[in-house]
Amino acid sequence: MQPSPRTLSALKAVIFILALAPLARLATGALFFPDWLGANPAEFITRATGDWTLRFLLLTLAVTPLRRLLGWPWLLRLRRMLGLFAFFYALVHLELRGVRPRLRGHRDP
Amino acid sequence: MLIKRPSDILPSEITPRPFYERRRSLIKLAAAGSILGAAAPLARGVRAQEKTLGLQKLDGVAKSAFSTKEPLTAYKHVTTYNNFYEFGTEKEDPAVYAKRLKVRPWTVVVEGEVAKPRTFGIEELLKFPLEERIYRLRCVEAWSMVIPWIGFEFNRIAKLVEPTAKAKFVEFLTALQPDTMPGVKLPVLDWPYLEGLRIDEAMHPLTILAVGLYGEVLPNQNGAPIRLVVPWKYGFKSGKSIARIRFVEKQPKTAWEAANPQEYGFYSNVNPDVDHPRWTQRRERRIPDFFARRETVLFNGYRDQVASLYAGMDLKKFY
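Protein sequences, first through last, are from chains A and B. 1 is the number of the first residue of the first sequence in the working numbering; add one for each residue after it. 1001 is the number of the first residue of the second sequence in the working numbering; add one for each residue after it.
These are computed hints drawn from the structure, not numbers from a lab. The reader is advised that the hints may include incorrect statements.
[As the list claims (entries may be wrong)] Quick list of the computed label-pair ranges, beta carbon to beta carbon: (1) F87/A - R1278/B: 23 to 31 Å; (2) Q1177/B - L94/A: 36 to 44 Å; (3) D1179/B - Q2/A: 35 to 43 Å; (4) E1123/B - L94/A: 37 to 45 Å; (5) G83/A - K1185/B: 34 to 42 Å; (6) T7/A - R1283/B: 50 to 58 Å; (7) D1273/B - L76/A: 53 to 61 Å.
Every residue gets a Cβ at the ideal spot worked out from N, C-alpha and C, and that includes glycine.
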């Protein structure tokens, strides 16, 4: 199976939007619906972004075995985007964990 | 000729000058009064309407001068964001798994260095004159709540069992029910959970045994059917689901102290000047705030009541 270039770019767009959905949910909760994020919203977001980092990392690492298993070499075209999303959620997570204040010598919970 | 007409304003109706001059502030005062008057029942209404689990109501509960007037933390947060490691280490775990905890029959054994050791049935304990104590709760993890506990001072129990001169400390042991507590299979802490206080801390009027919150008996996840509450210490000092109380001569090795003595001391008084090795204790997050914007206060704001217990002690050494 080899999707047409148009199908492939449509697929990439869909994945891009889906990959932003967790962030959108967290941001909407933080700004408008605190009930979504429970008793400790900051902790909830820190954990959720950490979880999503691991999920995207696993998805990224799954691309090559899947390519071989299914015989779909074009899956490679999605790998960079998945990897970048893993990196993106990792950055948000570390920022919330307070890595920057820690580098400056402060310790925050 | 001057024709004098009677004034249509009676002298008694004329506003005295001092009142006239203060008229604006008087109007403001009256307005504020009526707003407050209207809001007070509203505030009580909100309190009464707080959606609870609908557990057994506790009646005849007296108010206490020790209660804070700070806004209460919502019941749903108080009962879904818990540290009760016997039921798992996640905050959501106790609300899910503590349903299994068997809270009847329940006895509290009081023993050790006492003249009259005794076992109390929970029914007897619920008959003690109960008070509502609205206390701040500061967790060592730098979050805090305001909780309307219902209970009685621990010193009432002590008076009944008559501690001897050898009783220098009090141990509080949480129940151990391996069949209902999935968490005790993990070697996180030594079970049963052991906490302790110096005898003068235990006898302090702020130290209570709580049997309820928000007007009802304790939900299991909050330490049903009876738990300790020591509001000037970090939350982990207030053991839940107490089954055994021992008056002892030697300072006990408490559960967290045994697990990690660098991080958790015997005293564990709330103190913004003594950092946890992994984070600062300067500030706290009042649940459900997003930011940790409250300054943490020495002894969690109970300094006037408890500071004398620690006169002359180096609180950095005895953390």
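Taking the hints in turn, this is what the structure says about them:
1. Range check, F87/A to R1278/B: about 26 Å between beta-carbon atoms, so the 23 to 31 Å window is met.
2. Taking 36 to 44 Å as the suggested C-beta distance range, the pair Q1177/B and L94/A conforms, at roughly 40 Å.
3. Separation of D1179/B from Q2/A is about 58 Å and departs from the stated range, judged on CB atoms against 35 to 43 Å.
4. Checked against the hint of 37 to 45 Å, the C-beta distance between E1123/B and L94/A comes to roughly 53 Å, which is inconsistent with it.
5. Checked against the given bound of 34 to 42 Å, the beta carbons of G83/A and K1185/B, roughly 38 Å apart, stay inside it.
6. Here the CB-CB span from T7/A to R1283/B is close to 52 Å, well matched to the stated 50 to 58 Å.
7. As the Cβ distance of D1273/B to L76/A is approximately 56 Å, the hint placing it in 53 to 61 Å holds.
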